[in-house]
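These protein sequence lines map, in sequence, to chains Z and S.
Just so we're aligned, residue 20 is where the first sequence starts under the working numbering, counting upward by one.
Just so we're aligned, residue 27 is where the second sequence starts under the working numbering, counting upward by one.
Hints may be right or wrong, so weigh each one.
[Unchecked claim] Which stretches of chain S does chain Z cover? Using the computed rule of at least three CB atoms under 8 Å from a CB of chain Z, they are:
1. 84–91
2. 112–124
3. 128–141
4. 148–162
5. 204–216
6. 237–251
[What the hints assert, rightly or not] In silico negatives: residues of chain Z with every beta carbon more than 12 Å from chain S:
7. 29
8. 35
9. 49
10. 73
11. 87
12. 127
13. 138
14. 276
15. 332
16. 370
17. 432
18. 443
The set of hints was computed from the structure by calculation and includes no laboratory data.
Even glycine gets a Cβ: it sits at the ideal position worked out from N, Cα and C.
So the chains spell out like this:
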Amino acid sequence: MPLASAHALVTALRVVAADLPADAALLGAIADWCERYSPFVALDPPHGLLLDITGASHLFGGEAAMLATVAKAFRAQGFLCFGAIAGTAAAARALARFANGTIAAPGDEAATIAPLPVAALDLEPKDTHALERAGLKTIGQVAARTRAELTARFGKEMVAKLERSLGRSEKPISPRRILPAYRAERRFAEPVLSQDFVAETIEGLAASLGAILEERGQGARLLEASFFRTDGAVRRIPVETARPLRDPAVIARLFRTRLDALHDPLDPGFGFDLICLSAVHAERLVPESVGLEARPDEEREIAFLIDRLAARFGAHRILSFQPQDTHIPEAAGIAVPAQHADATDLAWEAREPGEPPRRPLRMFARPEPIEAIAQVPDGPPVSFQWRRVRHRVTRVEGPERIAMEWWQQREHRPTRDYYRVEDDSGQRFWLYRDGLYGRRSEPDVPRWYVHGLFA
Amino acid sequence: MSLLLKNLEGVRQLLAPISGESRRAAPVALDRDRADAVLRGGIVPGALHEIFAGDAGAAAAGFTAALAQLVRGRKRLLWIRQDYAALEHGEIGPTGLAELGIDPSGLLMLRAADATDALRAAVDALSCVALGAVIAEIPGNPKILDLVASRRLVLAAQNRGVTAFLLRPGAQVEPSAAETRWLVRSAPCTDREDWGAPRFDAALTRNRRGETGRWLMEWSCDDGIFRTAPAAHPGTVAAAAVDRPAEAASARAERDWRCAG
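Extracted from the complex, chain S is given alone in its bound form (with noise of 0.2 Å):
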């Protein structure tokens, strides 16, 4: 009878990244705020988050640097990215990351040749737990990133607890396994005097544990993390639902932003 079930728990230990009840971290709080409510008190550890950039920008850049710093602590991140990225959409300036206020001597950055090398090493850097969290740039939509290879990134995420994050600037949505996306864009700034904190304008078009939504979000460079802005202005951007309920928001989301999957 013991061995009996001494057999069940190895098999449900087996089955357990596969089902998706690994023990998981509690999630790290993004605004305190609004996002977080919708969220359920945040962003999941040792997930796949996706981030889709709404412009040619650095917006989407930024706000996956942020979140990872939310979610790292005092760990390590590893940034992934493709060699011709660079040219394409700028090196990573060092100096300009620490004046988001995040630390560029806990960076590693790893210059992959193509999405193949960088979806495996993505892969692999997930084993480590000493990484707070992984991301991986891929632009484009590059056959590799279909649905096996983002589900293969989700175990290698639940598995150790890493937080991974894939960062697709100038990508269609496609289908995936991630526990959030996002569309984000810059938003202007509000304020006519001041040159503000970076602002972004970020949808969550998918959110695999509730609702989905679209705020104006600043990131606080000072205290890390999110504020959510007030929309003061009405008019252009400024104008998305933030006081509406959510589904409406998500709806209003998913048909201004042409989102699939």
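Same shape as in the complex, but just chain Z (with noise of 0.2 Å):
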């Protein structure tokens, strides 16, 4: 219908634009909302939800009663809402739309949805006005052709919907995140509002989380802490461990330190009605043998310190150092996160024995231009300016001659000639020169750089 004759019919009309990605946002919010009735969630857009309620209806009284809770949550919400339980995602989605409110036994889904219209078929609109041309109303008529005339008229892909919404044959819907590996909850009659019983709740749910992962032989590398408010917002915080964890304290704990140090806290609104603590990512754990050299209480305090660490000021902060297989100078080794920091089979480059270091204790990520007075062109500095300080060199060692790892780079990186250089104080400098004399790949003029502090 075209706008201007909707005005003429309701003069008092008011017209929005749509807003699809606002829908999509708030469709977003309601899927995370719906977690609260069970963690396999999907979404079905633009305005659809296909939740997988296999073992949870039991607890909220069976389908029925689930159902009817859904429905009413989401009125209560000022949303109108049509619902429907099928054994395939495609059945239930029919039903919603067509048969609200319906319930298809097991195995029954082709008796329940023969009645409907074939546009609860949701095929193409061609083929929807096809099949009512051919005299076809109903999706129990359609199901009684034969296949091969179906498929002869209106290809494969419609044929495969019809066993779908029959409840035949099942297409695997994706959930929208990640399906934890475990999970515990708590539901509260009133709504929680104290930061107190936050915590104790976080700790009761940590020791029912480590029985269920103790008996699985697992251990959670990812955890998930969601708070769900009675107004529907839903806040999730993650804290990821070093090593797979299952001891309750442990747990509680370190949960304690992230939400000490969340940036914006907590905010309970109108308050907490449910609260859940999931594994998401969890790895076999079993228990360590000791053996008589091993430490595993210190390996394990480390862990939980890094843990503590990651929780409080983020993952990117703890870092061990890995060492690379290069030999330019500033990747040779490298910082990465302590938690995620693996076995290497390199090792560190031996020193060698009765030398001074060759390598700086200081190095900055960008090497630092100076102006340096050399005797000869591609000699070693005399004295050079950094940082608005002049030294004058009183001992010299080098040069080191490091050329640039050609077969990695696309543009061309002069060679550097690097010397250790000690000033009259005693400070001990690494200095580089970009680039040799005299060579017509190099740069006409060389400049020179600090590259680093020898303690």
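Once you've looked at the hints, go ahead and assemble the two chains, each given alone in its own frame, into the complex.
Okay, here's the thing in structure tokens:
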């Protein structure tokens, strides 16, 4: 219907432009909220949600009671809601749209869905139209035709859709978020406001989650606490761990640390009515056999410290060093988040006994340009100015010529001549000259840099 | 009566960390020489040690890393740095650490946003007995690092026996509860020919257990111990009064460096 006709019919008509991104965001928020019913929530855009309630309905007093609860909750929030329960997603989808509130008994989808109009099959409009023109008004009538007939006229896809709607085949639906491996939750009759009670609840949930994990011989690598507010908002707080973990006391302490360190503290609004703790990622955790040499307690303590610091300051802030297979000095050792540091086969380059350090203790991420004066063009500097201070060089060791990795880089980078120099106050620097004299491939005027400071 | 005794014991245990009477581990030898004589055996584990930088170089950091290496044994080391310290003073070079004889795989680094975070993390980390030492690098003189904060570090260190090092580049000396305080700068190499081991002009300007002193110390990367270097060339820094009575040396050091507190 053109807008002008609509205006002519209803004079008080208010027109609002469709805001598809906002709709999608709202659907996402609703999907978050729906995780209180089942962890498996899938989007069915533009305005549908699919919940896999396998094994969840008994928590709400059976399928009928669950459907009523969900519908009531949506209506209370001001949404218009249609719902149905069936053995396959396609059947439930058709029933929700054309027979609100129906629950198809297991294996009974075909009979339940038969009286629905063909539009419920969600086919291409031209196919629906063609079916109706052929006099097939209900799904039952369509289902009665032979499949060969239907395939010849409408193609394989249509037949597959029909079979799914009849509950005879299934197409897997993908959940919106990764399904947690294990999950523990607690519901409250009265919304919870106090932070202390929240902490206490997390402790209790950690105990139950720990028990489940122990039973299965698993440990969590990624934990997530979800706080469901009565007004529908959901806040999720993840905590990563360096090793598989299931000790409830440790889990509770990590979350306490994390909650204390939040930049935008947990806002209970009108209160939480559901708090849930899930192990999103779990790994096998076997009780370690304690060797004579090993110090498992120490390793565990360190892992706990790393987790604690990561929970408080962020995983990217607690780092450990790993050697790299390269001779470029600044890349020879890199700092990686300690929680994700894997054991490597590479070893740190062994120092040469009796030799003083060849690499500086402190290295600048960006070498700092200096003004250097050298006696001969390709010789070591006699003096240089760095950070507005002039240093007179009294002692030089070098050069150590380091060519860049030409097989790695696209653009040419000049060769470096490194010198270890000591100034008259005893400070030791690691300088280099970028480029060589008299080579066509190198820059015309080589530049000098401070790359590091020796102890 | 027995109940009373039990209570007394409880009170004593409660007071132990406050009165500083907790059982202490034996000091760790620094150079098995002059410095150890003044320090009465060496660096005390489970205490707070402060290291101030006397120059803009990496000498103080190297000296601190060496002390931590001595104290930590085979345990891990946590180095807490602030974000901007990397820009100002450079990143920790793991290869450089390895060259000093300190295994970089035993090092954990925490990048704190500011001094408050760094101190908070240090106190938390000092409760982890699996750590051998904690180095907190706090440049400048932030307000948060006052006598109370340093006392808190001392208590945390005493509590579980993990040694704390407070590395203070570019900072003025101020009162603190530290066990020892060092002022470290690099010393020129005396050997005419060779590029020698790292050398420090280390002034011990505060020592709760005895006298102060000033020495030229050379870190032996191979053996992992300091050598009190021979003052072969008089004239520049080498004229430090290594052989004079400790009192005189400390007085000199105090005057030289204008240290307070």
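Consistency of the hints with the structure:
| no. | hint | result |
| --- | --- | --- |
| 1 | 84–91 | holds (count 6) |
| 2 | 112–124 | holds (count 12) |
| 3 | 128–141 | holds (count 10) |
| 4 | 148–162 | holds (count 6) |
| 5 | 204–216 | holds (count 5) |
| 6 | 237–251 | holds (count 3) |
| 7 | 29 | holds (58 Å) |
| 8 | 35 | holds (45 Å) |
| 9 | 49 | holds (36 Å) |
| 10 | 73 | holds (43 Å) |
| 11 | 87 | holds (50 Å) |
| 12 | 127 | holds (60 Å) |
| 13 | 138 | holds (58 Å) |
| 14 | 276 | violated (9 Å) |
| 15 | 332 | violated (6 Å) |
| 16 | 370 | violated (5 Å) |
| 17 | 432 | holds (20 Å) |
| 18 | 443 | violated (7 Å) |
Hints 14, 15, 16, 18 from the earlier list are contradicted by this structure; the remaining hints agree with it.
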